[in-house]
Every structure is written in C-alpha cells, then in structure tokens.
Amino acid sequence: MDAGETSAFVLEARGVTKIFGQNRALDAVNFGLLPGEVHALLGENGAGKSTLIKILTGAYRPDAGEVILDGKPVTFSDPLQAQSHGIGTVYQEVNLLPNRSVAENLYLGHQPTFMGFVRRSQIEKNARTLLARYGLDIDVQAELGTYSVAVQQIVAIARAVELSGKVLVLDEPTASLDKHEVDKLFEVIAGLRARGMAIVFITHFLDQVFAISDRVTILRNGRLIGTEPLSGVSRTDVVRMMLGKDITFAPAVTGIEEQETGPAMVEFSSCGKAGKVRPFSLKVHRGEVVGVAGLLGSGRTEMARIMFGADQMDTGEIRIDSKLVELKSPVHAIARGFGFCPEDRKVEGILGDLSVRENIIIALQGKLGWFRALNRDEQMEIAGKFAEDLDIRAASLDLPIKLLSGGNQQKVILARWLATDPSFLILDEPTRGIDVGAHAEIVRTINRLREDGLALLVISSELDEIVAYSSRIVVMRDREMVAELRGDNVNPSVIVQAIAAQPEGEPA
Amino acid sequence: MKLKRLTRIINPQSVALVGVLFINWLLFPGFFDITWQDGRFFGSLIDVLNRGVPVAILAIGMSAVIATKGVDLSVGAVMAISGAVAATLVVDGHPAYIAVIAALLTGVICGVWNGILVAFLEIQPIVATLVLMVAGRGIAQLITEGTIVTFSDPVLIFIGTGSFAGFPMPVIIAAVLLLIAVFAVRSSAIGLFIEAVGVNRAAASLAGIRSELLIVAVYGFSGFCAAISGLIVAGDIKGADANNAGLWLELDAILAVVIGGTSLLGGRFSIAMSVLGAIIIQAMNTGILVSGFPPEFNLVVKAGVIILIFTMQSPLATRIIESRRTTRTLSGKKP
Chain A
1 MDAGETSAFV
11 LEARGVTKIF
21 GQNRALDAVN
31 FGLLPGEVHA
41 LLGENGAGKS
51 TLIKILTGAY
61 RPDAGEVILD
71 GKPVTFSDPL
81 QAQSHGIGTV
91 YQEVNLLPNR
101 SVAENLYLGH
111 QPTFMGFVRR
121 SQIEKNARTL
131 LARYGLDIDV
141 QAELGTYSVA
151 VQQIVAIARA
161 VELSGKVLVL
171 DEPTASLDKH
181 EVDKLFEVIA
191 GLRARGMAIV
201 FITHFLDQVF
211 AISDRVTILR
221 NGRLIGTEPL
231 SGVSRTDVVR
241 MMLGKDITFA
251 PAVTGIEEQE
261 TGPAMVEFSS
271 CGKAGKVRPF
281 SLKVHRGEVV
291 GVAGLLGSGR
301 TEMARIMFGA
311 DQMDTGEIRI
321 DSKLVELKSP
331 VHAIARGFGF
341 CPEDRKVEGI
351 LGDLSVRENI
361 IIALQGKLGW
371 FRALNRDEQM
381 EIAGKFAEDL
391 DIRAASLDLP
401 IKLLSGGNQQ
411 KVILARWLAT
421 DPSFLILDEP
431 TRGIDVGAHA
441 EIVRTINRLR
451 EDGLALLVIS
461 SELDEIVAYS
471 SRIVVMRDRE
481 MVAELRGDNV
491 NPSVIVQAIA
501 AQPEGEPA
Chain B
509 MKLKRLTRII
519 NPQSVALVGV
529 LFINWLLFPG
539 FFDITWQDGR
549 FFGSLIDVLN
559 RGVPVAILAI
569 GMSAVIATKG
579 VDLSVGAVMA
589 ISGAVAATLV
599 VDGHPAYIAV
609 IAALLTGVIC
619 GVWNGILVAF
629 LEIQPIVATL
639 VLMVAGRGIA
649 QLITEGTIVT
659 FSDPVLIFIG
669 TGSFAGFPMP
679 VIIAAVLLLI
689 AVFAVRSSAI
699 GLFIEAVGVN
709 RAAASLAGIR
719 SELLIVAVYG
729 FSGFCAAISG
739 LIVAGDIKGA
749 DANNAGLWLE
759 LDAILAVVIG
769 GTSLLGGRFS
779 IAMSVLGAII
789 IQAMNTGILV
799 SGFPPEFNLV
809 VKAGVIILIF
819 TMQSPLATRI
829 IESRRTTRTL
839 SGKKP
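Chains A and B, in that order, give the protein sequences.
Quick note: my numbering has the first sequence finishing at residue 508, numbered continuously throughout.
Quick note: my numbering has the second sequence finishing at residue 843, numbered continuously throughout.
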C-alpha cells in the first residue's frame with residue numbers, strides 16, 4: 001500500500017488482531033475508510049464485524065496492529081473519547097432515552113447553559129434547525145418514544161454527527177424499519193456522504209448494500225477477505241466472498257406445476273376479524289408454498305394468527321381436507337398438524353432462558369400433554385436430529401437459546417415445528433434479520449418441506465425470495481387480501497405494483 | 509463427573525445453611541445434640557425442621573407459582589381459612605377426615621380463584637392474590653365467628669404434634685409432599701411447561717401449551733399447600749386463630765423460594781432448593797432463640813444472612829468465581 005493512498009483514509013485499521021481466549025476474533029485485518037464514502041462492512045455472524053467496529057470506536061483495544069486517524073496512530077480508552085475525536089456510532093436498538101423529548105436527547109450531556117441553568121428554548125431552537133437539515137419536521141418537545149423507530153434512528157444519527165462529525169458507524173440501522181423508512185434513512189445517509197462524512201454501514205440486507213454503498217469490505221472468520229468497489233462486483237461475488245463457497249438461491253420456479261387438482265389440505269373461506277383483517281379466502285394444497293406479500297401492517301400477520309387459532313375470527317370457516325373444523329386456540333391448530341413461526345422471534349418465538357433442546361421439543365411435548373413426558377435421552381435424540389438437519393450451530397444443545405445468533409434461533413423455532421411432524425406450516429418472516437448462511441439454510445428447508453409434501457404459507461418482505469419458492473402469491477394491502485398472483489404473473493415487479501396500487505376512489 | 513456432583517452440592521444455599529448451623533453451634537454448644545425419648549427424637553436440629561415445616565410447605569407451592577412469573581400473597585390467609593374450616597367442622601361434631609378433606613378442598617378453591625384472576629382476567633399476580641390476602645382473613649374470622657375455635661380432636665392434634673418413625677408428624681408430611689411434588693414436576697412435563705410459561709407466556713401459548721390451565725393448576729396447588737400448612741399450625745395449637753394463623757408467612761415463603769435460587773422473574777425453579785431456603789430461615793430463627801439472644805435480633809440477623817446469600821448469587825460474584833475457576837483450569841492445563 002503506497003503512502004499516497006494511505007493518507008487519503010480518514011480512519012484506518014492496520015493489521016488489527018483481537019484474541020478472546022483461544023479464539024482469534026480478528027486476524028491481522030486492514031480496513032480503510034475514505035471521507036465521503038459509504039463503506040459497507042459485511043460478514044456472517046461471528047465474522048468479526050462487531051469486533052472491528054468496537055476496536056475502531058474505542059470499546060476494545062487491539063492485541064496487535066494499530067488504529068490510525070487522520071494519518072496519526074491513536075489509542076482510544078473508551079467510545080466517549082473516540083466520539084470526541086470525531087467517530088460516532090448508531091446502533092440497531094436506538095441507545096437514547098425514549099421518555100425524554102427529542103430536543104433533550106439531541107443535546108443530552110452538552111446542553112447550552114446560562115449560569116448553570118439549561119437553556120431549554122435554545123435547545124429546542126437548535127434541535128429544530130438541526131433536524132430540518134435531515135428533512136425532519138417534528139415536534140422536538142414531544143417524547144422521543146412517541147416517534148417511529150425510523151425517526152428515532154435519524155435523531156440518533158443527528159446526535160452522533162453533531163457530536164463527532166468525521167466518521168459515522170451505522171450498526172444494522174435498518175433491521176427494524178419498513179421499506180419507506182429505509183428510503184428515508186438512505187436519503188439522510190446520502191446527504192451526509194455529500195457533506196464528506198465517512199460512513200460505515202453494517203447490514204444483513206444485500207439489496208441495501210448495493211443501493212447505497214460505494215465500497216464493501218468483507219470479513220469471514222476474523223479474516224479480511226477483501227475490499228472492493230461495489231461497481232465492480234456482483235451480488236453473487238459478494239455472497240461467495242461472505243460464505244467462502246458458491247451459493248445459489250433456487251431460481252424462480254415460474255413453471256411450477258400447479259398443485260390445485262387435488263383437494264386442498266386446508267381451506268379458509270371468508271375468514272375475517274373486525275378491525276384486524278377483512279374476510280379472506282385461501283386454499284393451500286399439499287406440496288405447495290403459498291407466498292404472502294405485503295407491507296408491515298397490511299394485515300398479513302393478523303391473517304396468520306387467525307389461521308393458527310391464536311386470534312379468533314368472527315366470520316368465515318376453516319376446512320381441513322374438506323372437513324369443517326374450529327380452531328379455538330393454537331392447541332387445536334397444532335393437534336391438526338399446524339405449526340406457526342411468528343414474526344417477532346424474541347417476543348413470541350423463543351423461550352430465552354430455556355435450552356436449545358427444550359426449545360425444540362416444547363411443541364411436541366405440548367402435543368403429547370402433561371403426563372407423557374419425553375425423557376432427557378429422547379429429548380436429546382430429537383433435538384440432536386433436527387439440529388443436524390437444519391445445521392443449528394450451538395456449542396451445546398443445553399445452552400440457553402438466547403445466547404444463539406438470530407439465524408440459529410430461527411432454525412430452532414423451525415425445528416420445534418418440524419419435530420411435531422406438521423402438515424401445514426405458517427412462517428411469518430422466517431428470514432428477517434438473520435445472516436446469509438442461515439437465510440440460505442431456511443430457504444433450502446422450505447423447498448425441501450414442499451417436496452416432502454407439506455403445505456406451507458410463507459409471509460415475507462423479500463420478494464425475490466418468495467417468488468423463488470412459491471407457486472402462488474397472495475398480496476395483502478390495508479388489511480385486505482387484494483390479489484392472488486400465479487404462473488407467469490409471479491415476479492417481484494408485479495407484486496410491487498399490487499402492493500403499491502391505490503384502492504379505487506382514492507387519489508393516487 | 510464426581511467433581512460435577514460435588515459442585516452441585518456446594519452451592520450458596522448449602523454453604524449458608526452450614527454457616528448458620530455452625531454459628532448456632534458456637535453460640536449454643538448443645539445445638540447438634542439429639543436425644544431419643546418417648547419413642548421420638550428431640551433436639552434443636554429436629555426443632556429446626558419441625559418449626560420450619562409451615563413455611564417449607566408454603567414454599568413448595570410458591571416455587572411453582574413464582575416460576576410462572578407469578579406470586580401468591582394469599583397463602584397466609586388461606587392457612588387461616590383452612591384451619592378455621594377444619595376446627596369449626598370437628599367442633600360441630602363432624603369426623604376428622606371430613607374436616608381435613610374440607611380444609612384441603614377449601615385451600616384448592618382459594619388457589620383456583622387466584623389462578624382464574626391471573627390466567628383469564630389477566631390481573632397482575634401481586635394484585636390478584638392481594639385480594640384474598642386481605643379478604644381471606646375476614647373470611648376466616650367469619651367462619652370462626654371472631655373467636656379462637658379450640659378443639660380436642662385427636663386426629664387434627666396428631667397432624668400438628670404427633671410423631672411417626674421418631675420424627676414429628678409435620679416433618680413427615682412435608683417430606684412426603686416434597687417427594688411427591690418433585691416427582692410429579694420432574695417426571696411429567698409439568699415442570700418444563702411451568703418454566704416455559706414463566707420465561708415467555710406468549711411464546712409458550714403459541715407453542716401449544718395451555719398456559720391458562722397450567723396457571724390455574726399451579727395456583728390451585730399453592731392453595732392446597734397452604735391448606736396443609738394451615739392444618740398443621742391449627743393442630744399444633746389445638747385451635748384455629750383466624751387473626752394470627754399464618755400471619756406474614758407468605759413473605760417468609762417468598763423469601764425461601766428466592767433464597768433457593770428461583771428468580772422472581774420466572775423460569776427455572778427448584779422445589780427442593782426452596783425447601784432448603786425455608787430450613788435456612790428457620791435455622792436462623794431457632795439459633796437466635798436457643799442462644800438466648802432477644803428475638804428482636806432475629807429480623808436483623810435474617811436480613812444480614814439474606815444479603816449475604818444474594819451477594820453470593822449475584823452476577824458479579826458468579827463472574828468472579830467463574831473467572832477464578834477458568835484461570836485455575838487454564839493454568840492447570842499448561843504443560
């Protein structure tokens with residue numbers, strides 16, 4: 001690396017190594033950040049992304065190598081010091097105070113004062129001017145918690161930029177945002193780039209990497225795999241670099257045989273619940289994946305909950321193999337071979353303190369009842385089998401599930417249902433917020449289950465993905481099922497049109 | 509393997525119990541003396557067990573309740589109700605077995621009532637059981653018509669003061685109940701379901717666990733345990749005292765469970781450890797009595813020991829112990 005290039009970097013890591021116990025979290029990694037660029041940092045969980053970020057922002061100290069800021073080696077004792085040198089960080093979970101006002105959050109710790117008193121009006125005025133630059137016109141006196149996560153993210157970014165101003169690290173800022181909010185955030189990021197900020201962008205979403213980033217650095221198992229300009233690489237290149245192997249998502253199965261000749265495994269007729277979802281009708285056949293597309297709040301999760309008996313519908317009927325059934329609770333649905341992976345894994349999916357083993361067998365045990373208990377060996381055998389089938393990576397099956405990565409947790413939830421030998425699986429956003437490897441594994445599993453003759457309903461925001469494995473796709477909008485796409489109609493742009501179409505009679 | 513079993517026995521609770529017993533011995537050298545007299549054992553240790561029974565039995569039921577992320581404040585009042593029911597019935601001339609069954613049934617009904625409030629009406633457990641904690645004593649007073657109902661029924665008195673195989677009857681009852689409870693919880697899936705509901709009720713319900721039914725059953729069991737304690741206490745004083753039977757014992761029971769290492773946030777629980785917690789509490793009480801200190805010391809000393817146990821259980825202490833252990837194994841492994 002010649003000196004001229006080096007001096008261009010605003011922040012640089014040279015030969016940085018970090019060792020935890022026996023484990024080399026980072027091994028002689030080089031990373032250079034140019035002013036005025038968005039630099040994506042990619043890698044599977046455990047690749048060393050967060051360790052590198054923590055070293056750059058002063059939370060960790062490297063065991064070897066050095067961090068160079070503006071051409072001079074620096075040693076930060078803590079993130080606060082890094083901040084005062086111009087390096088700010090915004091995390092996925094906004095680290096601000098939701099019960100204080102927006103203005104207070106922006107200036108907490110460095111309020112303008114007059115004779116020791118906080119100048120509230122000054123703060124609020126400054127806050128308004130500051131946020132206006134981010135295209136945000138909100139009531140700065142209102143509590144931060146009353147705003148959406150997207151707004152909170154922008155406030156956090158504004159605070160970080162205000163405090164530091166040279167380098168901004170965004171750690172999975174888009175994980176909990178919907179499409180519009182992501183666009184909004186990207187406008188803000190683009191604006192900061194234009195002002196010469198150097199931005200590190202960590203995410204799991206490849207689309208977003210390609211949408212906003214200039215260069216990408218890829219880590220794998222603590223080693224630097226490469227830094228490339230994004231104009232020069234394809235998605236496949238990036239994925240290959242991350243995984244170290246060729247990985248192909250199944251190509252779009254446009255010509256999939258329509259399975260609608262036989263009787264439907266499950267049939268929902270005019271099922272609806274006032275205030276949740278308008279009556280919908282849908283048949284799902286054995287050996288078929290029905291995809292559900294729609295934005296957050298479109299009624300897709302409400303639909304899934306009614307199908308699983310978690311919420312009670314007030315109109316309509318459900319037939320399984322043409323026989324009328326009533327699903328008064330998940331217990332009834334499970335007894336009939338249903339399974340449901342909820343959208344919010346943490347809140348509704350995992351039993352955090354319980355072991356991976358217990359999390360896998362819990363639904364099967366629930367089906368068996370209170371008194372036909374699986375003993376430890378049986379539990380181990382079942383859990384072990386599905387952990388292997390789904391490639392669940394845990395040091396031990398007796399580890400609490402909360403210690404696993406998101407992708408592995410999702411696989412455990414999937415294993416929980418597969419252990420019950422289901423005939424109809426409802427998967428609500430099964431691939432959200434998980435790393436690429438787990439993502440591919442889950443897509444593979446969906447395909448495998450379809451081939452095994454299961455009926456599946458998969459809700460997902462990743463259109464490429466549902467197009468790839470679904471034989472039909474229903475589109476939800478404003479709590480209503482608005483379209484059912486099949487055959488050649490099934491492609492992402494058609495779905496986007498169906499989602500975006502304005503209801504009749506309303507202005508476009 | 510051996511080491512593992514050893515570390516399982518050496519935990520903060522057993523260390524605390526040994527410590528308390530040791531201090532008792534220092535203060536009162538005759539503490540460990542046990543004599544055989546009139547076909548039964550006598551001594552301070554037996555006394556600790558016998559006096560600890562009411563709280564220990566409450567703690568058995570309370571462990572399961574707390575593991576579901578709940579709490580049962582009404583157990584003290586349910587003890588009073590159960591004692592009142594049994595005493596009034598035998599005084600009215602009913603046979604003892606009717607009185608006992610009626611008392612136990614009353615306890616279960618009280619518990620089920622709590623469970624319905626918590627599971628179906630989704631009232632916070634601390635509030636839901638507070639209702640019966642307050643109202644229960646009133647109900648007990650209504651049953652006894654405001655007096656202390658004394659009785660001379662030999663069966664009820666035997667429950668509180670008799671002996672079997674040399675041990676006081678209450679200790680035998682508690683031991684049998686403990687064995688049955690541990691067996692029922694661990695040989696069935698109930699223990700797992702209780703922990704699942706306590707860790708994340710929404711997720712447990714979506715995984716097909718009938719959490720409402722489970723919660724009602726757990727509170728019902730807690731009421732059942734309270735009724736047994738109530739019978740023992742009534743038998744001990746040969747009467748039902750609606751005002752004082754089981755007074756404040758709900759707090760000791762919660763304390764016993766927490767000392768036993770079950771988190772008030774629900775989840776993992778151990779009934780046996782809760783009973784150990786109850787014995788620790790009683791060992792302190794008895795120690796202060798036999799050593800001749802005024803009983804006022806009791807509360808202060810109790811607080812001290814509790815702080816000590818909680819410090820030993822705290823994440824900080826665990827981290828320190830863990831890091832010491834790992835450095836030791838690491839340095840041991842080096843050639």
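A couple of the hints might just be wrong.
Unchecked claim - Quick partial rundown of chain B residues pointing at chain A, CB under 7 Å, derived from the structure: (1) 696; (2) 711; (3) 775.
FYI, nobody ran anything at the bench for these hints, they're computed from the structure.
Note that the Cβ used here is the ideal one computed from N, Cα and C, for glycine as well.
So, going through the hints one by one against the coordinates:
1. Restraint check, residue 696/B versus chain A: the minimum CB separation of about 5 Å is within 7 Å; hint holds.
2. Using the Cβ-Cβ criterion of 7 Å, the hint placing residue 711/B at the interface with chain A is satisfied: the shortest such distance is roughly 5 Å.
3. Because the smallest distance between the Cβ of residue 775/B and any Cβ of chain A comes to about 5 Å, under 7 Å, the interface hint for this residue holds.
Violated hints: none; the structure is consistent with every hint.
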